[in-house]
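Knowing the structure of chain A, use the given hints to seat chain B on it.
First to last, the sequence lines map onto chains A and B. Heads up, the first sequence is in my numbering, so the first residue is 1 and it goes up one at a time. Heads up, the second sequence is in my numbering, so the first residue is 1 and it goes up one at a time.
Note that these hints are calculated values from the structure, not bench results. Hints are supplied without guarantee of correctness; some may be wrong.
[What the hints assert, rightly or not] Straight-line distance between alpha carbons at most 25 Å, and here's what the computed SDA-like set of lysine to any residue pairs gives:
(1) B/216 <-> A/117
(2) B/363 <-> A/328
(3) A/291 <-> B/277
(4) A/285 <-> B/359
(5) A/216 <-> B/277
(6) A/346 <-> A/258
(7) B/363 <-> A/244
(8) A/291 <-> B/356
There are 2 protein chains.
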Amino acid sequence: MNNIGPDYERFAAVYEKKEKDLLKDYFNFLRIPSISSEMEHRQDMIDCAEWLKDYISHTGLEVDIWETTGHPTVFAEYNLAGRGKPTVLIYNHYDVQPVDPLDLWDSPPFEPTVRDGEVYARGAVDNKGQTFYVINALQTLLELDGKLPVNVKLLIDGEEESASPGLSAILNQRKKELTADHLMIVDGGMASLTEPSVNLGARGVISMRVEVIGSKVDLHSGVHGGTAYNPNHALVEILAGLRDSSGRITVPGFYDDIVELTSREKEQLDFSDNEEAYVSMFGVKPAGGEKDYSPRESSTIRPTLEINGISGGYSGDGMKTVIPARAVANLSSRLVPDQDPRKVGKLVSEFIEASAPEGVEVKVRVSQGGGRAVRVSPKAGVIQAVVKAYEEVLQAKCGFLLMGATIPIAALLKEVSGADIVFMGLGLGLDNIHAPNEHFGLDRMKMGFITIARTIELLAD
Amino acid sequence: MNNIGPDYERFAAVYEKKEKDLLKDYFNFLRIPSISSEMEHRQDMIDCAEWLKDYISHTGLEVDIWETTGHPTVFAEYNLAGRGKPTVLIYNHYDVQPVDPLDLWDSPPFEPTVRDGEVYARGAVDNKGQTFYVINALQTLLELDGKLPVNVKLLIDGEEESASPGLSAILNQRKKELTADHLMIVDGGMASLTEPSVNLGARGVISMRVEVIGSKVDLHSGVHGGTAYNPNHALVEILAGLRDSSGRITVPGFYDDIVELTSREKEQLDFSDNEEAYVSMFGVKPAGGEKDYSPRESSTIRPTLEINGISGGYSGDGMKTVIPARAVANLSSRLVPDQDPRKVGKLVSEFIEASAPEGVEVKVRVSQGGGRAVRVSPKAGVIQAVVKAYEEVLQAKCGFLLMGATIPIAALLKEVSGADIVFMGLGLGLDNIHAPNEHFGLDRMKMGFITIARTIELLAD
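With the rest of the complex left out, here is chain A (with noise of 0.2 Å):
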């Protein structure tokens, strides 16, 4: 373990000075609706961005704004390291998910409130909170020392919930600016702030959109019941046909390229489950996955295909007796290593379209958007200084985990820059990320920025 030392000491007295200013910026930050996904916040986005760019300018860091064909992206670099010092390329986003249902948030999603020590807004953590503190961590090192002692290459992406798809079609002509040769994905948490963990690993991600289409009108259940085929029933029916009782994926060839970790590989890795916790924490027991794997390789090393959302019909309190004209459903599908997100799209959406019953017709769209897995190695420099990192700030042993979760761009960026690539973040698993009340604690603010500052000393060693 390694002990509180002097380079600690000097950026926690800086935070705390600090620390009023700081969280007056993060909450007007945290008051933008910056939701990527629903085009009524468009404006919203642009505002975000020009905002980031106004905050960063302030920093030291060259700044400028990337088009892209959906939501801008903001990009931010420091070149003054000199000759020789390594390039660190760190990767936030400034977008948000949706808020619905709004009736349970405690407080409104876009006006920060602190309770307990904890800022609850949606973006608190993810990925406002964790943008926030790495941009503060730079800042703060140039204003310190006179200059950053790697350059540096900050992109912040406003399309990571709806899968990036803007940046990923402008990567490969930003190849120059974007090469590095270490690349910190800060977008993602660990289990525990007493046992700290990096990600060696990142699922991907392909969704789509079903549609069963039936008669032209809503009918009435009483009269066509029995005569027209209910796109509800239908839906059900398809979406059931999915998965078999032990939970497998019945989509044929859906496992056909997935690689399997050896036995060596699965030693460094922590799959141990915690079910008493998940139950305390969730409320339920962790029975999603398949009978054949563990809950934590079922959503660290298996894919899944998940219902993200399925309407049809008239679902509030009350009835209505109808028989709805379309039913939909949002389907997403978590990837391993080496699928490939396009070639299960088709797969599923196939397999899907051809499930239609006869009076019904089935339509899928898959997203245009999607990410492959990634995997890295322990040994990786940009790793090992973030380990030595946490280690410092949280003062406990770090080890490695695979995330469940994606970042779409995480392979498109890994490739693009050439470098080594590091998942990690201060999240914890009951910060409510994508649902109401998402919140990050004010200590987890001050963790955050210590260990950006301190890995980025670290990789100038």
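Quick look at chain B alone, frame taken from chain A:
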């Protein structure tokens, strides 16, 4: 066929003279958003009942409002026909279905609009239009002759679209007021005006709400995909399991109490299907029923179990990679003689609750309302009178059908009144009842008016 006679002519002449004023009143009736299933319309229900009381009070009938545990019932009567004259009980309802999805209406649902001789509004047919011609036929008979040839009781329900729980509960207390010789349920329709028909039966109904409860909060489908059991998956698996591949309901005991029609009974009824007409009207094949029965049989003499609504997670455009904390579905089962609604509700809900996979909780709430199926003989006096009236008005032979829909209160009213029953009305398949753009023809308003007036005269003979 009956020729158009002087009785027909005198009613047609009066109607034509009054039409403009009648439509004004009809439109005012339609403007009241009397949606019985939505709590926010509670005051509108009271306003609508008061509007009717005031309107009927000008006809010469004595009118009263019956309070119930739910929305009020409007009751009116005429007792001066004289000794030995029969009593006719006529049933309508003033409540309407919800209007969503609102964006599919071409004109506002509560602002009646005439296009091509059709009145577009929620309730235009079901059942404000048919209530309206009944009231005005009675008023006109009284105006022309100074009296009615039979005693009349007019019962206008405020909860038909919600299965009439309030009225059902007070029927036995109101037995004296409701005793009658003939019972006319004027809330139905026919296949076409050129092939008129009356209905000799209606299916029963029982409704349920299914709730699948997972984790305490919505979860991230990357982090928890493969760990948490997605309530959407549990719901589609459970609902898909309610029917086998032949369309037969799998719930044990579901079909036990069905009394099959004899072949003689079947011969008197029209079970003909017209697939081409169905496809042209509704845009789909009538492929939703049991494989062992024709569409017409499936929708009249066979029970159903329909998913009227389903909802869970984010089903809008764009992505929200969530595992929702809960998912819900509204189900309804149409019943045939002699299925018991309570028994079927219990069988289905117990089957569903027993299907819950580990990792979620499943709760089913059976609705308070519900009603048994009803069947009557084509020889009943009230049937014969209505057949004659339709043949005069529509100048075509009138046949016999069974109805797929339910008038939940019908079985109870038949029992408490001691009367023979007829299901009648001028609704047509393309009227969009229970759907956006519900509409009723101005020509049918007139036909309904004359049919009621003539039926009342014929029942006095």
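Hint check:
A hinted pair counts as satisfied when its Cα atoms are at most 25 Å apart, and residue 216 of chain B with residue 117 of chain A qualifies at roughly 22 Å. Restraint check for residue 363 of chain B and residue 328 of chain A: the C-alpha separation of about 23 Å stays at or below 25 Å, so the hint holds. At most 25 Å may separate the alpha-carbon atoms for a hinted pair to count; residue 291 of chain A and residue 277 of chain B exceed this at roughly 49 Å. Proposed proximity of residue 285 of chain A and residue 359 of chain B is supported: the alpha carbons are some 5 Å apart, at most 25 Å.
Straight-line distance between C-alpha atoms of residue 216 of chain A and residue 277 of chain B comes to about 14 Å, which keeps the hinted pair within the 25 Å bound. The suggested pairing of residue 346 of chain A with residue 258 of chain A holds, with an alpha-carbon distance near 16 Å, which does not exceed 25 Å. A threshold of 25 Å between alpha carbons decides the hint, and for residue 363 of chain B with residue 244 of chain A the separation of about 23 Å falls inside it, so the pair holds. The hinted pair formed by residue 291 of chain A and residue 356 of chain B meets the criterion: a straight-line CA distance of about 16 Å does not exceed 25 Å.
Hint check: a violation occurs at hint 3 only; the rest are consistent with the structure.
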